[in-house]
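Colleague: Sequence:
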Amino acid sequence: MAPIMRSHPASNAMVSVGESTVSSILSGAARGRRAAPFLPMSRAEMDALGWDECDVILVTGDAYIDHPSFGMALVGRLLEAHGFRVGILSQPDWHSAGPFRALGRPRLYFGITAGNMDSLVNRYTSDRKIRSDDAYTPNAEAGKRPDRAVTVYAQRAREAYPGTPIVIGSIEASLRRIAHYDYWSDKVRRSVLPDSKADILLFGNAERALVALTHRLDAGEPVESIRDLRGTAFMVKPG
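Going by our numbering, the residue at position 169 of the sequence shown is 169; the numbering climbs one at a time, nothing skipped.
Keep in mind that the hints were calculated from the coordinates and are not lab data. Treat the hints with care, since some could be wrong.
What the hints assert, rightly or not - Simulated pairs of lysine-lysine, PhoX-like, Cα-Cα distance not exceeding 20 Å:
{"id": "1", "residue 1": "Lys187", "residue 2": "Lys129"}
{"id": "2", "residue 1": "Lys129", "residue 2": "Lys144"}
{"id": "3", "residue 1": "Lys237", "residue 2": "Lys197"}
What the hints assert, rightly or not - Listed next, with one range per pair, are the computed distances between beta-carbon atoms:
{"id": "4", "residue 1": "His95", "residue 2": "Arg128", "range": "19 to 25 Å"}
{"id": "5", "residue 1": "Gly220", "residue 2": "Pro162", "range": "17 to 23 Å"}
{"id": "6", "residue 1": "Asp52", "residue 2": "Asp186", "range": "47 to 53 Å"}
{"id": "7", "residue 1": "Gly98", "residue 2": "Asp47", "range": "31 to 37 Å"}
{"id": "8", "residue 1": "Gly98", "residue 2": "Leu49", "range": "19 to 25 Å"}
{"id": "9", "residue 1": "Lys237", "residue 2": "Pro162", "range": "18 to 24 Å"}
{"id": "10", "residue 1": "Gly50", "residue 2": "Thr125", "range": "45 to 51 Å"}
{"id": "11", "residue 1": "Ile130", "residue 2": "Lys187", "range": "16 to 22 Å"}
{"id": "12", "residue 1": "Ala140", "residue 2": "Ala219", "range": "41 to 47 Å"}
{"id": "13", "residue 1": "Lys237", "residue 2": "Asp47", "range": "40 to 46 Å"}
{"id": "14", "residue 1": "Ile130", "residue 2": "Ala179", "range": "24 to 30 Å"}
{"id": "15", "residue 1": "His95", "residue 2": "Arg189", "range": "21 to 27 Å"}
All residues carry an ideal CB built from backbone N, CA and C; glycine is no exception.
All chains, full assembly: derive it from the sequences and hints.
Modeller: Structure follows, in structure tokens:
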């Protein structure tokens, strides 16, 4: 039998790591780190910061603009404020796993997002015609992200570093966390979780859940044992 998907609705209480626990951990100063001028996107930029590895690598279908209107910049800076070293893979070439090794293996996990928009809405009009531009790419150049980017990026990250936890989120993952009607293929598709082979999905406004998840992974909890965070969905085996 196929695994069953379960989710914790946003109204559920956070059991193991509550807000008081997370807020008691000082921001970047807790580890004596200063904020990076920019989150690194290459080994050279990591070297300039004196980093040998990233704690978290965020993969996004958008350009990296260090401004809160770009979701991964906001999330990256939030995690940085909690003392974590965060790298960015912005619009990586998805045709092979090589570009997903550019920053090395993350110590904790890959965080995967399609970007500020659903990748299919971003690429196609309501008539299923390909758009000529992309508002979240330099020079509005189209074609810099794959269709169903969350799934493709997660698969490539898994190929690049088997065994590294994969955390998915964003509007694309949130709206596909359960079986759903897919307008683009005119079919009912299953959850994005088994297709992406992600370990956990964070849906909705997931900043608090992401911070709690990151601290728990940092404390040594296996990702497969974290099943009580609100706003998360994951696969479990029947029985």
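Colleague: All hints are to be evaluated individually against the structure, with a verdict given for each.
Modeller: Taking the hints in turn, this is what the structure says about them:
| no. | hint | in the structure |
| --- | --- | --- |
| 1 | Lys187 - Lys129 | holds (18 Å) |
| 2 | Lys129 - Lys144 | holds (16 Å) |
| 3 | Lys237 - Lys197 | holds (14 Å) |
| 4 | His95 - Arg128: 19 to 25 Å | holds (23 Å) |
| 5 | Gly220 - Pro162: 17 to 23 Å | holds (20 Å) |
| 6 | Asp52 - Asp186: 47 to 53 Å | holds (49 Å) |
| 7 | Gly98 - Asp47: 31 to 37 Å | violated (20 Å) |
| 8 | Gly98 - Leu49: 19 to 25 Å | holds (23 Å) |
| 9 | Lys237 - Pro162: 18 to 24 Å | holds (20 Å) |
| 10 | Gly50 - Thr125: 45 to 51 Å | holds (46 Å) |
| 11 | Ile130 - Lys187: 16 to 22 Å | holds (20 Å) |
| 12 | Ala140 - Ala219: 41 to 47 Å | holds (43 Å) |
| 13 | Lys237 - Asp47: 40 to 46 Å | holds (42 Å) |
| 14 | Ile130 - Ala179: 24 to 30 Å | holds (27 Å) |
| 15 | His95 - Arg189: 21 to 27 Å | holds (23 Å) |
Taken one by one, the earlier hints fail for this structure only at number 7.
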